[in-house]
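Visitor: Chains as they are written, first to last, in this note's numbering: chain A, 1 to 343; chain B, 1 to 161.
There's no promise every hint is true.
As the list claims (entries may be wrong) - Within a straight-line C-alpha distance of at most 20 angstroms, the following computed DMTMM-like cross-link-like pairs (lysine to aspartate or glutamate) qualify:
id, chain 1, residue 1, chain 2, residue 2
1, B, K58, A, E259
2, A, K170, A, E146
3, B, K54, A, D26
4, B, K157, A, D256
5, A, K170, A, E117
6, B, K43, A, E259
7, B, K43, A, D256
8, A, K134, A, E117
9, B, K54, A, E293
10, B, K82, A, D296
11, A, K149, A, D45
12, A, K297, B, E159
13, B, K54, A, E27
14, B, K119, A, E293
15, B, K58, A, E316
16, B, K58, A, E261
17, A, K115, A, D72
18, B, K54, A, E316
19, B, K54, A, E40
20, A, K149, A, E261
21, B, K54, A, D72
22, B, K43, A, E255
23, B, K54, A, D256
24, B, K43, A, E316
25, A, K278, A, E324
26, B, K54, A, E146
27, B, K58, A, E289
28, B, K54, A, D133
29, B, K82, A, E259
Claimed, not checked - Among chain A residues calculated to face chain B with C-beta under 8 angstroms, some are:
id, residue
30, L263
31, V277
32, E287
33, S308
34, I310
35, I314
36, L331
These are calculated hints, taken from the structure and not from any lab test. Being a predicted model, the structure only gives us computed values, none of them experimental. No residue lacks a Cβ here, since even glycine has one placed at the ideal position from N, Cα and C.
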Amino acid sequence: MAELFDSPSEKNPFEELAVVYVLYFDEAQGHMPLLIYPVETYKNDKAFMRPIKYHPIWFLSLNESDALDHIDLEFKGYTFFGKKFLTKSNREKRRSGLKEETPETIVIVVSLPNKIELFGDELIRILTQEVKDKYEDKLFEIIDSEILKEEVIKSPKIQKRIDNGQAIKKQLRNSIEKTTNTFFSDVIRNSDATSIRMQKAIAYLAFRGIDVSHINTKEYKGSFSNIQLFDPNKQGEVNFIDKKPFIILKINIIEDSQEMEILVQNNSLHEVKGIIVKINHLKEYFEKEIMIETIDKWFPQEELVFISPIIPHIDEYIFFIIDEVSNEKLLSKRIDLNLLKNK
Amino acid sequence: MSDDIIKEDDIIIRNYRTSDYQATLKILKELQSKFNIGFVESKWRETSGLRQFKPNLKRITLIAELKSTGQVASMGMLEAVKNNLGQYIGYLNNWATEKEFIGKGVGKILADRATQILKSWGCEAVRINMAYRGDKKLIDIFGKVGFIPIITVLEKKFETD
């Protein structure tokens, strides 16, 4: 999500991974952001802030949210982890019935790409603890300063309160930055080193340029993390193609007959029974089935040819291999004829 | 190889593999030169003999391989085609045997297996396309295993530029 923000000239790679929102409940304006880490560019962007302002965490009582530890919302490839708590307040409230000492409702939301969402539970727990420990008695001052910033006339006394609040906000931002960086570089301790989800998350971190090389060495025990890749000895020899039960070897367009020929191999070393092969075409947002075949037996390493008609003016197709019994999709591949023709 | 009839135990009947390409190409070329079956070399590709699936059609190329040497002795294509009445009709096409194995019963073993497969696919009948001026002896041979002539197909070739 950080790619949506303006990139600062110097940043650490972890900034790309997590966005932290600290919000409060404003008695006059509703759900308001107090601080967004790493940058606040989109603070007033309604579309960007929609998953934050309407996160289900707002609509749960503290008792409910405590019972659930935190609430997650998945939206457009990101998971938003939300946690709510009350903090001390001495701020004059702008709604009748509320006293100065009525506590502030604070919500912390951490968004992570779905690929590394498994880090979210721990990260939000650590961040919330950090904020509670160090800023529980000070957050109302930041809220006060944010509200006062909107005042047209700022007396020296008001300006002093604003400056005071902004100074605390700066400290809070630094704390969040430090906690996040520490989390990603030093604190990842996961006992489930064989988890597929963890492996995927590591792959994602590596893809985003985070150095995870330490976990692939024999000295990993001395590193910050106890995560290991499944088979460190096979470094450089791991062939991900081997792991797929079916692979598409070739796709040909037969111009004479206006057909598409898809060559697929059973990449496993055992016979596969009860397979459904389906080809759908895509028009706008709709899929239409143009071919469905049941393969009773697919022998090990056997290559099969599936020939589908090409529908005039339709360039996008989806090829599926589905287990007849479990209905599990074993392979799905989008085929764009334009890309094939331009090869 | 002796002149004896080859027994079913001496051969393996299996699906075509891409490694059979050269052997099948050789057989088909011989068939073309002898009977003008309309074979075009450039259209017989490595993948042409693989199991094929397309709407209303299934196709397999069967290979008879000698157990002792691994040599391809015979080949034949079988197809199940759905007709306008929704019935699947099986076809045996391009049935050919390497010269040195002709008359040794390999073709018959292959054809028996092919008809079993077509039956298992739910075909109503099996048809063999033969050359119109083909050998009368062949019609008699097929007649003995239940194939009788029922239709005559007329063909007009389009002139190519």
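Visitor: Hey, K149 (chain A) versus D45 (chain A), does the alpha-carbon distance stay inside 20 angstroms?
Guide: 19 angstroms, holds
Visitor: Going by Cβ atoms only, is I310 (chain A) closer than 8 angstroms to chain B?
Guide: I310 (chain A) check fails; min Cβ-Cβ to chain B is 12 angstroms, beyond 8 angstroms.
Visitor: Please work out if K54 (chain B) and E293 (chain A) have their alpha carbons no farther apart than 20 angstroms.
Guide: With Cα atoms ~8 angstroms apart, K54 (chain B) and E293 (chain A) stay inside 20 angstroms; holds.
Visitor: Measure nothing beyond the straight line between the CA atoms of K54 (chain B) and D256 (chain A); if it is 20 angstroms or shorter, mark the hint as holding.
Guide: 16 angstroms, holds
Visitor: Can V277 (chain A) be said to touch chain B, with a Cβ gap under 8 angstroms?
Guide: 7 angstroms, holds
Visitor: Quickly compare the C-alpha distance for K43 (chain B) and E255 (chain A) to 20 angstroms and report which way the hint goes.
Guide: Distance ~13 angstroms between K43 (chain B) and E255 (chain A) Cα, so the pair holds.
Visitor: Keeping to a limit of 20 angstroms between CA atoms, is the pair of K170 (chain A) and E146 (chain A) held or broken?
Guide: 13 angstroms, holds
Visitor: Sort out whether D72 (chain A) lies within 20 angstroms of K115 (chain A), counting only the CA atoms.
Guide: 14 angstroms, holds
Visitor: Starting from K43 (chain B), check that the Cα of D256 (chain A) is at most 20 angstroms away, please.
Guide: Satisfied, since the Cα-Cα distance of roughly 11 angstroms is no more than 20 angstroms.
Visitor: Mind checking the CB of S308 (chain A) against every CB in chain B and telling me if the closest is under 8 angstroms?
Guide: Since chain B brings a Cβ to about 7 angstroms from S308 (chain A), closer than 8 angstroms, the hint holds.
Visitor: Can the restraint linking K54 (chain B) and D72 (chain A) be considered satisfied, given a maximum Cα separation of 20 angstroms?
Guide: 45 angstroms, violated
Visitor: Are the Cα atoms of K58 (chain B) and E259 (chain A) separated by 20 angstroms or less?
Guide: Answer holds: K58 (chain B) to E259 (chain A) is near 15 angstroms, not above 20 angstroms.
Violation of the numbered hints given earlier is confined to hints 3, 5, 8, 12, 13, 15, 19, 20, 21, 24, 26, 28, 32, 34, 35, 36; the remaining hints are satisfied by the structure.
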